[in-house]
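Could you put the whole structure together from the sequences, leaning on the hints where they help?
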Amino acid sequence: MTETRILLGTAISIALIHTLIGVDHYVPFIALSKANNWTIKKTIYIVLLCGLGHVLGSVILGFAGIAFSAGIASLIDIEDMRGTLATYLLIAFGLIYMVYGIRKAYKNKKQFPVNCEQAEVNNDNSHNGHDHHIDDFMQTNKNTKKSKVFWGLFIFFVLGPCEPLIPILMYPAATMNIFTLVLVTVSFSVCTIAVMLLMTILGVKGFRLLKLNKLDKYTHALAGGAVLLCGLFVLVLPI
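So in the working numbering, spot 132 of the sequence shown is number 219, and the numbers just go up one at a time.
Hints in this document: simulated from the structure, not taken from any laboratory. Check the hints yourself; a few may be wrong.
Said to hold, decoys possible - Distance condition first, Cα-Cα at most 35 Å in a straight line; then the derived DSBU-like pairs of lysine-lysine:
#1 K304 - K235
#2 K129 - K304
#3 K292 - K304
#4 K129 - K292
#5 K194 - K304
#6 K128 - K292
#7 K129 - K235
#8 K235 - K292
#9 K129 - K191
#10 K128 - K235
#11 K191 - K304
#12 K235 - K194
#13 K128 - K304
#14 K128 - K194
#15 K191 - K235
#16 K191 - K292
Predicted model, so just to flag it, every value in this text is computed and none were measured.
Here you go:
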């Protein structure tokens, strides 16, 4: 029982430290939530999905290693490769989103969607079928962009490993203590996702207190830049 408590305390401590110092666990959510005007509820929902994907990837790998009696070194090597790939994907995502944000800030306002929106404003009293087609087009365009943002984040977090989980999983497995194995896995996962949620919510609420109206048109570019910096930070200082 003492060993179980020690192992459980270690798992929770590592989850806290690993997630807190890993800025890539929450800064992308904060930046993109601000840029896309996500509600707190939607932000929480996205963090939960990405967090689950994040921990499940390593949990599945850990259990697969246990089932096939793989060595810890082999599993950590696989996690390292996943981590490198995920980091480069995060950098690419941030760079692409930043470029998108810059183009959005300075793009020609005469593009079709904007013209259609202006035409609708100037014809408030018009209720013909053409207006409905314009609304459908604009809504579809927005939903497509939001979907790409979510899937970009989700893929990164699924690929992004929880390296500390592997050795923590392997120890109780070696002693054939299934209860401890499950307890440690669940505790580590819940703690990781909880810290991701807490830091994200604090960051989002903190940004709402700041008066940054003059920078509103640059929010997408700034969000992309923040994600890019996160990726570079993780690349230079693996965490």
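- Compare the distance between the alpha carbons of K129 and K292 with 35 Å, and conclude whether the hinted pair is satisfied. 14 Å, holds
- Item | Pairwise hint evaluation, K304 against K191, where the allowed Cα distance is 35 Å at most | Roughly 8 Å between the alpha carbons, so the hint for K191 and K304 holds.
- Message: Next pair to validate is K304 with K235; report whether the Cα-Cα distance is within 35 Å.
- Response: 20 Å, holds
- Going straight from one Cα to the other, do K235 and K292 come out at no more than 35 Å? Distance ~24 Å between K235 and K292 Cα, so the pair holds.
- Message: Tell me if the straight-line CA distance from K129 to K191 falls inside 35 Å.
- Response: With a Cα-Cα distance of about 23 Å, the restraint between K129 and K191 holds, given a limit of 35 Å.
- Query: Is the Cα-Cα distance between K191 and K292 35 Å or less?
  - Reply: 25 Å, holds
- Query: Straight-line Cα separation of K129 and K304 no greater than 35 Å?
  - Reply: 22 Å, holds
- Message: Would the hint linking K292 and K304 be met if the CA-CA limit is 35 Å?
- Response: Satisfied, since the Cα-Cα distance of roughly 20 Å is no more than 35 Å.
- Message: Please verify whether K194 and K304 have alpha carbons no more than 35 Å apart.
- Response: 11 Å, holds
- Hinted pair K191 and K235, Cα distance within 35 Å: Judged against 35 Å, a Cα distance of about 16 Å means the pair holds.
- Taken at face value, is the distance from the CA of K292 to the CA of K128 at most 35 Å? Holds - the C-alpha atoms of K292 and K128 are around 12 Å apart, at most 35 Å.
- Message: Does K194 sit within 35 Å of K128, going by the straight-line distance between their CA atoms?
- Response: Given pair K128, K194 holds - Cα atoms ~31 Å apart, limit 35 Å.
In the structure shown, no violation is registered for any of the earlier numbered hints.
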